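Participant: Chain by chain, the residues:
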Amino acid sequence: MTRLAMAIDLASCVGCAACSIACKMENEVPLGVNRLWIRNTTVGTFPNLTVEHRPEQCLHCENPPCVPVCPTGCCFVRDDGIVDIDVKKCIGCSACIAACPYDARHMLPQGYVSKCDFCKHRVDEGRMPACVETCPTLCRTFGDLDDPNSPVSIAIREARRVDVLRPGLGTEPNLYYLNTPAAFGLVGETGGTL
Amino acid sequence: MALGGSAQAQLFPDGFPNPFRAPPGKWFTKDDVTTSYNYCEICFWKCGIQASVQGGKVRKVDGYESNPKSRGMLCPRGQGGVATTYDPDRLKKPLIRVEGSERGSGQYREASWDEAYDYIAEKMNQIKFEHGSESVAFFGHGTGDAWFASYLPGAWGSPNAAKPSVSLCTGPRETASQYTFGRGISGHEQIDWDETDYIVLIGHHIGEDTHNTQLQDFALALKRGAKLVVVDPRFSVAASKANDWLPIKPATDTALLLAWANVLVEEGLYDAEYVDKYTVGFEQLAAHVAQYTPEWAAEITEIPADTIRRIAREMAAHAPRAVLPVNRHTVWYGPDDMHRMRSLYIVNVLLGNYGMPGGYYFCDAPVVEAYPHPALPLSPASGGCGGGSTDVVTDSPFRPAADRGKFFGTATAVQELIEPMLTGEPYPIKGLFSYGVNLFHSIPMVERTKQALKELDLYVAIDILPMEHVMWADVILPESTYLERYDDLLLQAYKTPFISARFPAHPPLYDTRGAFDMAKQLGERLGLGEYFPWENVEEYLDRRLSSIGSSLEALKDQGTIVRRGRPYFADWERLNRNPIGTPSGKIEIYSERFAEAGLDPLPVFVPPIEGPSGMYRLLYGRSPVHTFARTHNNPILMEAHGENGVWISTSEAAGLGIRHNEYVYLENQDGVREGPVRAYVTERIRNDCVYLVHGFGHKTPLMRIANGRGASDNYLQTRYDLDPVSGGAGLRNNWVKLVKGAPDPQHPPVAWLAREGSRA
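Residue numbers (our numbering), protein chains in the order written: chain A, 380 to 573; chain B, 14 to 773.
Everything labelled a hint here was simulated from the structure, so no lab data went into it. Check the hints yourself; a few may be wrong.
As the list claims (entries may be wrong) - Calculated pairs, BS3-like style, for lysine-lysine (alpha carbon to alpha carbon, straight line, at most 30 Å):
1. A:K499 x B:K39
2. B:K463 x B:K750
3. A:K499 x B:K70
To be verified - Which bits of chain A does chain B cover? Going by a derived footprint, with three or more residues having C-beta under 8 Å, they are:
4. 382-394
5. 429-439
6. 510-521
7. 525-533
8. 546-558
What the hints assert, rightly or not - Just the calculated beta-carbon pair ranges, DEER-fashion:
9. A:A562 x B:G627: 37 to 47 Å
10. A:G567 x B:D257: 49 to 59 Å
11. A:R539 x B:N549: 56 to 66 Å
12. B:N549 x A:E407: 32 to 42 Å
13. B:R587 x A:P409: 49 to 59 Å
Bear in mind the structure is a predicted one, so any value in this text is a computation, not a measurement. Virtual Cβ for every residue (Gly too), placed ideally from N, Cα, C.
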């Protein structure tokens with residue numbers, strides 16, 4: 380089996396948005412919406428501070444809440460784990476947008492839903508997603524979780540700390556955040572101070 | 014799989030198109046995708062890129078592996094910069110200011126290239142006849158500045174060629190490097206990131222200035238486990254990655270560096286063997302820094318003496334694989350900028366890291382012969398990021414540059430050429446070329462610049478967009494973008510020096526030309542045709558490349574040619590050569606040449622200029638998605654960062670009753686007002702300063718997206734303090750207060766503006 384996943388090392392990420400803009404160009408994402416965005420949060424008080432630079436995008440959940448709510452079946456999970464959209468079948472009802480707890484989906488002006496698809500057109504050719512390829516801090520790794528030697532498996536194994544967004548929802552995301560700068564984990568998840 | 018295929022099939026059977034919309038066919042699904050090599054021009058870093066063209070338009074640019082600058086990766090500006098080529102607000106045709114209209118009133122008529130060139134040549138010759146050729150000044154920035162700030166003024170005979178990248182940016186570090194090591198910094202800061210274990214950044218905003226390669230190296234060094242110390246009044250992005258952040262009082266960095274030198278010397282932690290072998294002047298330094306104790310520095314810098322000692326000891330413990338990297342924008346506070354850079358180099362030298370693995374490496378540009386041409390009558394000292402100019406021709410038949418005598422260094426200071434336009438002293442400057450130099454967003458004292466422009470007989474602007482200063486010119490020459498033109502070869506000094514070429518991805522969209530063609534056409538009209546003997550740019554490039562056994566055709570398939578470097582002392586010593594270019598042949602800790610000129614031969618701390626009470630020192634820096642003031646009409650980059658905010662500490666804001674995100678005005682010590690601008694209330698800055706990202710606050714409706722967003726630091730810089738050694742203009746001695754009551758400007762969404770623009 381193939382289980383595609385991505386890991387983002389927050390110890391390296393500087394929140395520069397190269398990933399977000401590479402995604403925008405690669406996938407012709409129109410102005411006004413994003414498949415991938417950055418959330419920068421300051422934690423602590425002067426001078427004991429840290430900043431979490433956190434890129435966010437579709438998490439390609441194992442249990443994606445967006446898929447069962449789709450009335451036409453246009454939202455589906457590929458065999459390799461990519462949560463995908465068959466735009467030919469999308470009627471633009473927005474049920475999936477409402478169902479996604481991570482706000483990862485958006486409506487395009489053409490009337491169908493879109494989101495990160497791990498650059499499936501590149502993945503299918505054996506290339507890395509555009510965000511992974513361009514990142515100047517090399518904070519992103521991508522690959523098959525079922526292959527212990529894939530870059531993503533190695534990165535997760537070697538990380539000091541591994542988090543996912545809102546684990547309590549049971550969505551089981553395939554987007555992992557490594558080495559959060561705050562000792563308590565991801566900002567806004569469990570709260571806490573330095 | 015959640016739903017069975019049959020239910021879907023009934024709604025939209027295979028082959029039956031969804032009645033509401035056609036399935037999208039994105040650029041990468043088409044079969045007419047082609048690629049071409051280029052180097053990025055969105056900033057000065059010039060990463061090697063491959064542009065993918067589909068349907069006559071560049072759809073995507075990517076780095077490529079064999080280019081040492083990009084290594085297959087790109088920063089946000091490189092990725093999104095493509096949109097500038099397709100900006101509907103671009104300059105599309107040569108323009109001539111309507112006869113009789115006032116400069117700055119923005120009344121233009123379209124002209125042919127021939128008419129524009131003839132107009133310029135006639136005026137230039139008139140100025141030459143009345144005042145001499147030196148009375149035409151040339152400002153340049155970008156790849157084409159080789160033509161407009163070096164070659165053409167050299168052929169024409171004007172020493173008044175200058176670049177903001179020197180006296181408004183790198184000047185202090187270049188002069189300091191020339192007089193300490195006999196070498197420049199080279200344009201690519203030669204830090205041996207791959208090998209270093211301990212990094213101390215002094216106001217060096219890695220992560221906010223996304224210099225692609227540097228950011229990669231920095232991230233990899235941290236991943237390897239290198240320790241990081243960041244000295245900055247602001248908790249920068251780099252500081253967020255640091256083991257230690259030292260929130261220093263602004264303008265006191267030299268005191269900290271001298272105290273570190275003190276600890277290294279007093280505690281015997283310096284590399285004695287290295288110092289003995291490679292340097293001169295250590296004894297004088299030891300005597301000189303005895304006074305600069307950590308306790309002395311603690312009072313000045315507001316960093317505890319114990320911390321100063323501890324960091325010095327940690328550096329020494331990791332030496333020579335401990336490094337204090339040189340940053341790029343080094344004009345900070347004026348009088349001691351050059352001393353600060355010398356102090357920084359000297360601490361590195363005491364750690365024994367210059368020319369050693371884990372410290373600074375040596376690099377030189379690869380050699381490719383020039384196209385044969387007659388010797389130029391003059392080589393102007395416009396300098397550049399790539400090293401200070403020490404090549405002033407002393408027996409020149411021309412008058413010296415109009416800034417001579419104001420400071421010690423030799424590279425011409427761009428801001429010092431404004432005054433002669435107004436006063437005529439030491440001689441009048443009556444003509445000006447601005448090639449890609451944003452006169453109102455880089456040179457301090459904007460009102461003075463505007464007054465000076467009114468006094469000129471000729472002002473030519475060469476640019477891509479109708480920036481404010483462009484719309485003051487007599488003649489506007491629209492340039493093709495980097496995706497539409499050939500350019501000269503990029504000869505990059507680097508650990509592995511390399512040669513890159515630029516190939517147009519498609520023909521120019523509008524009636525625009527590249528700097529290469531403009532310089533030749535103008536040169537020929539000025540009677541300087543002999544200096545432009547090449548037929549066209551392809552022939553020029555091919556001839557140059559033939560000198561290294563390559564060709565334009567070969568570069569077309571290759572993009573970059575990488576050479577071997579000689580990064581360390583050991584590499585030079587094997588060849589019995591000395592990389593140090595000083596008169597003594599050693600690293601000059603003590604500078605005889607400074608002593609002879611009556612300057613301090615060892616670095617000294619100059620106490621900072623203090624501002625009026627109740628005002629904050631205005632610091633400025635960079636956004637990761639913008640370059641200077643040139644990317645602020647790019648919809649993709651503006652959507653990522655559409656307006657700047659003024660950073661102010663939480664406690665100060667509370668005292669002023671200012672809420673986060675509230676719009677305020679900024680008013681400086683001379684009553685100049687900027688804004689409305691959002692207050693960014695944060696824990697991440699000291700109480701005695703505020704901070705703005707540079708480049709925002711454009712004031713022209715001709716740039717629909719940029720217009721009126723955020724505040725300009727440059728308009729608030731109504732004074733500057735000259736570094737008497739390098740000629741750099743210290744811009745961080747301006748003070749502002751925050752004024753409540755600014756209205757919300759209610760900026761329309763970038764997407765809406767972009768749509769309106771493309772409809773117009």
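Participant: Now tell me, hint by hint, if it's right for this structure.
Facilitator: Quick rundown of the hints versus the structure:
Between A:K499 and B:K39 the CA atoms are separated by roughly 13 Å; this keeps the pair inside 30 Å, and the hint holds. A threshold of 30 Å between alpha carbons decides the hint, and for B:K463 with B:K750 the separation of about 25 Å falls inside it, so the pair holds. Proximity of A:K499 to B:K70 is assessed by CA-CA distance (about 23 Å); at most 30 Å being required, the pair is judged to hold. Closer than 8 Å: that is the beta-carbon criterion, and the stretch 382-394 of chain A has 5 residues meeting it against chain B, so the requirement of 3 holds.
For the stretch 429-439 of chain A, the proposed coverage by chain B is satisfied: 3 residues have a C-beta within less than 8 Å of a C-beta in that chain, meeting the threshold of three. By the rule of at least three residues with a Cβ nearer than 8 Å to a Cβ of chain B, the coverage given for the stretch 510-521 of chain A holds, with 7 such residues. With a threshold of 8 Å between beta carbons, the proposed coverage of the stretch 525-533 of chain A by chain B is violated, since 0 of its residues qualify and at least three are required. Judged by the Cβ-Cβ criterion of 8 Å, the stretch 546-558 of chain A is not covered by chain B as claimed, because only 0 of its residues qualify and three are needed.
Hint check: A:A562 to B:G627, Cβ distance near 39 Å, so the stated range 37 to 47 Å holds. Hint check: A:G567 to B:D257, Cβ distance near 27 Å, so the stated range 49 to 59 Å is violated. A beta carbon spacing of about 58 Å between A:R539 and B:N549 agrees with the range 56 to 66 Å that was offered as a hint. The beta-carbon spacing between B:N549 and A:E407, approximately 36 Å, falls within the hinted interval of 32 to 42 Å.
Under the hint 49 to 59 Å, the C-beta atoms of B:R587 and A:P409, about 57 Å apart, fit the expected range.
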